[in-house]
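S.K.: Chains A and B are the protein sequences, given in the same order. For the first sequence, this note's numbering assigns the number 392 to the initial residue and increments by one for each residue that follows. For the second sequence, this note's numbering assigns the number 442 to the initial residue and increments by one for each residue that follows.
Hints listed in this document are in silico derivations from the structure and should not be mistaken for laboratory results. Wrong hints could be hidden among the right ones.
No more than 27 angstroms apart at the CA atoms, straight line, and that leaves these computed lysine-lysine pairs for DSS-like [unchecked claim]: (1) A:Lys-647 <-> A:Lys-681; (2) A:Lys-485 <-> B:Lys-520; (3) B:Lys-473 <-> A:Lys-512; (4) A:Lys-531 <-> A:Lys-566; (5) A:Lys-512 <-> A:Lys-566; (6) A:Lys-512 <-> A:Lys-595; (7) A:Lys-537 <-> A:Lys-610; (8) B:Lys-642 <-> A:Lys-485; (9) A:Lys-595 <-> A:Lys-647.
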Amino acid sequence: MDSMLSGILNCINEGIVMITEDLMITYWNPFMEKMTGRRSEEVLGARIDHILPELGRPFFHSAIRGLSAGGNPVFFSAAMHRNMVSPEHRVNLKINRIATNGQNILLLEFMDVTNQFQRIKQLQTYVGQLSHLNTQLKQKEKVIEKLAYYDKLTGVANRALFDKFADKYLNEAKKTGTMLGLMFIDVNEFKQINDTYGHNTGDKVMTRVASLLTESTRKNDIVCRYGGDEFLVLLPGIHSLDDYQHIAERIEDNKKRHIVQDGYDLWLSLSIGISFYPDDGNTISELIEKADEYMYYNKQQSREQQNQL
Amino acid sequence: MNNKISREDILTELFNVGVGQAASTLSEIIDKRIGLSIPSVQILESSLAKIELNKYLRNVAEGAVMVSSISFDSQLEGKVSLLFPADKMHHFIDLCLHETREEPENSLEFNDIDFDTVKEIGNIVVNSIIGELSNTINIPIEYTLPEINVLNDVSAEHFVNPEDYRLVLMMFLAFDIEGTEISGAIVINMTLKSLDDILNKIDKLYNG
Chain A
392 MDSMLSGILN CINEGIVMIT EDLMITYWNP FMEKMTGRRS EEVLGARIDH
442 ILPELGRPFF HSAIRGLSAG GNPVFFSAAM HRNMVSPEHR VNLKINRIAT
492 NGQNILLLEF MDVTNQFQRI KQLQTYVGQL SHLNTQLKQK EKVIEKLAYY
542 DKLTGVANRA LFDKFADKYL NEAKKTGTML GLMFIDVNEF KQINDTYGHN
592 TGDKVMTRVA SLLTESTRKN DIVCRYGGDE FLVLLPGIHS LDDYQHIAER
642 IEDNKKRHIV QDGYDLWLSL SIGISFYPDD GNTISELIEK ADEYMYYNKQ
692 QSREQQNQL
Chain B
442 MNNKISREDI LTELFNVGVG QAASTLSEII DKRIGLSIPS VQILESSLAK
492 IELNKYLRNV AEGAVMVSSI SFDSQLEGKV SLLFPADKMH HFIDLCLHET
542 REEPENSLEF NDIDFDTVKE IGNIVVNSII GELSNTINIP IEYTLPEINV
592 LNDVSAEHFV NPEDYRLVLM MFLAFDIEGT EISGAIVINM TLKSLDDILN
642 KIDKLYNG
């Protein structure tokens, strides 16, 4: 081989091997020595598939036959051929046919891509960690949102979420010409429940009231804990009083009943007042005020009925 | 009644022999059962080829493709493009490499390992098709290793060049790795003279 060419191939940072068409090694550069730990003197004259056993598989022989006959280059990727030169090095292999002095030699270029594999693996680990952090962050965002917009004890909407939806629903009602219902609900004698059975039981009763209201209302209705023992319910898209009646009946069925909580048999009763946009007011404040007023009458009536009994 | 076998049928049979060999090579390399078949080959005017290819790009590839392309010259001149729907390629590559990855599978981000894997597959498939054709018609075809690209929002104009190549060989490739199917498309742009040479040889060989 030309001494200059040989000098170049000795310097190159790529494994260069030349073989005959019957697979005998005629050149093995220093980079190949470094990757395989096999000295050039040891391998010259030996068959390539004896030195690199991965190249003894039938597809390699078939590729070499095709290349010898047609001359078109072949490519073997490090990803699909993991142990081409040694377990420590990942290499891509490109093979070309070169015609010289009336005979063909095959030039094998082993391109070391081990660093590329390591970098990609590292990046994949980072992506995995980032994706895990992102999932955690999203979960935390949900918790923060829940804390910001939902009542900690009962899990229903707090006043911030109520205000957000109240404006939205009122605007929709104004645009579509529908009614917006607003219920004001108070748990009767709640202070007595707390004083008699303790705050812990009182809290659980409050949670049961919230569940009862949620179960009795529709998907888009907003149940909100307004104060200590007071709830508000927004009822959007009411076209007629019949629409409201269905919800009211469901609440009515549950509003006076015995419940068992923490082993105590308790009498649970609710006072309810309802106002409607546009009949009872044009703003949310007016609707709350009116519903509170109706709730108060309802409470008075309940008390009177109880006194009579 | 014309008893002659159509040129498209002959090419379909030839290419299926080729991809059959490619399937067995790939099966051996990745140690999985692989099926490769070409249902039919069409010889189309470039305008018709664009219509057919646009259907594939819109309906199967949804606009983004991974392309392995090879140009050939010397006695025959042209360009082969092997197209795969890009969003299916992560899964496809993972199947070839016996791996699973954490990133979303349908992303269009590919690394060098992915490109090299597709380069080898493209090389095997194109070698098999062009090799079979070259052997049959006994005309040598010379080409280099494939170039791999990912193209988003691409249309048939990119692959069919009516100025240089008026006729196009179009075929779809059904790739099946252990029951997972992926539909590829192969577009071979050829100069009129090259295609004429091929078709004349085929006519002589099969229809006397």
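S.K.: So, for every hint listed, does it hold in this structure?
M.R.: Going down the list of hints, with the structure as the test:
The suggested pairing of A:Lys-647 with A:Lys-681 holds, with an alpha-carbon distance near 23 angstroms, which does not exceed 27 angstroms. Distance check on the hinted pair: A:Lys-485 and B:Lys-520 sit about 21 angstroms apart at the alpha-carbon level, within 27 angstroms; holds. Distance check on the hinted pair: B:Lys-473 and A:Lys-512 sit about 24 angstroms apart at the alpha-carbon level, within 27 angstroms; holds. Distance restraint check for A:Lys-531 and A:Lys-566: the Cα-Cα separation of roughly 36 angstroms exceeds the 27 angstroms cut-off, and the hinted pair is therefore not satisfied.
Between A:Lys-512 and A:Lys-566, the direct Cα distance comes to roughly 57 angstroms. Violation of the 27 angstroms bound is thereby established for this hinted pair. Our distance criterion of 27 angstroms between C-alpha atoms is broken by A:Lys-512 and A:Lys-595, whose separation comes to about 52 angstroms. Restraint check for A:Lys-537 and A:Lys-610: satisfied, since their Cα atoms lie roughly 18 angstroms apart, inside the 27 angstroms limit. Proposed proximity of B:Lys-642 and A:Lys-485 is contradicted: the alpha carbons are some 32 angstroms apart, above 27 angstroms.
Proposed proximity of A:Lys-595 and A:Lys-647 is supported: the alpha carbons are some 17 angstroms apart, at most 27 angstroms.
Going down the numbered hints, you'll see the structure goes against 4, 5, 6, 8, while the others check out.
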